[in-house]
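Undergrad: Chain residues, written in single-letter form:
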Amino acid sequence: MTQAAAISAGTPVPARANSGGNTGDAVFALACRAAGASVLLLLGGIIVSLFIGGLPAFEKFGVEFLWSTEWDPVTEVFGAGVSIYGTVVTAIIAIVLAVPVAFGVAFTLTELAPNWLRRPVGTAVELLAAVPSIIYGMWGFFLIAPIMAEYVQPLAIDTLGEVPGIGFLFQGPPFGTGIFTAALILAIMILPFIAATMRDVFSQVPAVYKESAYGLGCTTWEVMKGVVLPYTRVSVAGGIMLGLGRALGETMAVTFVIGNANRITTTLFGPGNTIASVVALEFGESETGSLKLAALLALGFILFVLSFIVLAISRFLLRSRLKG
Amino acid sequence: MSATTQPALAPAKNAAVAARLGRSRKRGDMMARSLSLLATSIGLIFLTSILVTLFYKGFNAMNLSVFTEVTRPPGSNGGLLNAIVGSLIQVALGTAIGTPIGMLVGTYLAEYARGSAFGGMVRFVSDILLSAPSILIGLFVYSLLVLPFGGFSGWAGVAALAIIIIPIVVRTTEDMLSLIPNTLREAVIGLGSPKWKMIVLVCWRSAISGIITGVLLGIARIAGETAPLLFTSLGNNAWSTDLTQPLPSLPITIYSYAGSPFQDWIELAWAGALVITLAVLGLNIAARSLFSGKK
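Just so you know, the protein sequences line up as chains R and Y, in that order.
Counting from 3, one number per residue, gives the positions in the first sequence under our numbering.
Counting from 3, one number per residue, gives the positions in the second sequence under our numbering.
These are calculated hints, taken from the structure and not from any lab test.
Be aware that one or more of the hints could be misleading.
Calculated lysine-lysine pairs in the BS3-like style (CA-CA distance at most 25 angstroms, straight line) [claimed, not checked]:
#1 R/Lys227 to R/Lys212
#2 R/Lys227 to Y/Lys28
#3 R/Lys212 to Y/Lys199
#4 R/Lys62 to R/Lys294
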């Protein structure tokens, strides 16, 4: 490893007369380094361009932009409150729905399923991640939303809606689309990311630990609960944060099913919007140089900050796994 | 786990307690197992449901004119030819631009920057970009290439897709290069080869199947991207291959058709959705089998 590190660090190799190594090495190293630097420039460029683009809106509305719930293109008053609320709420519900299922998938794939089944099932779950988000949008809009409107929501409104304390979450007309449907679609979309991370870290638990627990007479579930989960909990949290980061910025699927209304409703079945859905929908109707365009870019900047923080935490939590 | 600490009890009254405990532990285990299997089947049911819906609706709408006619106003038997060609152009060029950059970055991380702080930063940023919302890449390219140059263009779409594929290629390239044993590198250097020849002729060659896998997965990802194209190549209902003008693409056409009130447009959207999903899932499966075959 030390020798390799020395080589990697660019220890000069004795040049030979005919190899042209020095020039070639210099050029190639420069190209690689420049490409590496370009990635940093890219991130910097995204931050700066969104911030500068959104500056007129930040200047006009100040910090209040963050929580003002007004969005009126006619009077040119814009606030991010509703879409930030929608973004965070849909993402959190999606996590709540997706994590138990992802855990079940990972548990099955690492401990329960016979070997011949692991690969095909694992691949199938990963294919869920490959389906383009617009397909989720169409599927959600044409299949899931009618099912929600027809069966799920009326049932929930009649039963859960009557429960004191939490009933207000499940009231209102069953549109089919809305916050909850969007969160459900998001949950399905992020499921494979969380499940894949969990599976990877579960399978890295040293076999000796698990065997010791089995040797003491533990059941499979007790080994998972008492050995595997405590051993991997930091990485598991990292995987969940990764899913959260994905859920925050998902655009097309949400745009189809969230109902697109600029208001905050207490019921989960009410329509709403997210930062990404507002940007995608309203962008076409905003003129170059208008305050609305600036407001949309400012929304983009807020979304970037949100997802950057979440993804950075995720990387931080997963770093031990990445190292080895 | 607490169950394993039970033997401290007096043995006499233990048999019944132990039996009960054993039963409840077994029940807990069975419950956890069944719930996990249920969760896995839920995941598989969703995948199946998406595929069945797509095939059912897509095949009903599928016919030859989808591939031979361009998009037309509702009611006049249009197809998706211009959208498919536009997508192919943008994805091909985006891949052609993004792949070499991504490979160089991955090579930098694996061969030059192991353990360096700058390299760590590049790796971190690249991983953030890998999961960053693609809609923001679209907004970025919009401010960079659309606003200053006075309009939506195919090139802007190409740039957005290239930016999206870069971190995917970076990740696989670095991962694949790190798998190569250092003894191989030492052997090449020991023969007197310059470092760049070692990387290009030996390391890249040993890692090539993994890198191709990554590129295929990247293509699959950008082929279905819709949000970034909304702000860059915009879409176009006429036949166009001019990259300086708004360029049609399959995802954008599906998006606008699926949201339209016209039945024949919605059917075309399903046909397009089936085409794109088959392409994307096909690429994924091809990539995976290529990788597992070569390993």
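Undergrad: If a hint holds in the structure, say so; if it does not, say that too.
TA: Taking the hints in turn, this is what the structure says about them:
1. Restraint check: the Cα-Cα separation between R/Lys227 and R/Lys212 comes to about 11 angstroms, which is no more than 25 angstroms; the hinted pair holds.
2. Annotation: proposed proximity of R/Lys227 to Y/Lys28 holds, straight-line Cα distance about 14 angstroms (limit 25 angstroms).
3. Distance check on the hinted pair: R/Lys212 and Y/Lys199 sit about 46 angstroms apart at the alpha-carbon level, beyond 25 angstroms; violated.
4. A threshold of 25 angstroms between alpha carbons decides the hint, and for R/Lys62 with R/Lys294 the separation of about 11 angstroms falls inside it, so the pair holds.
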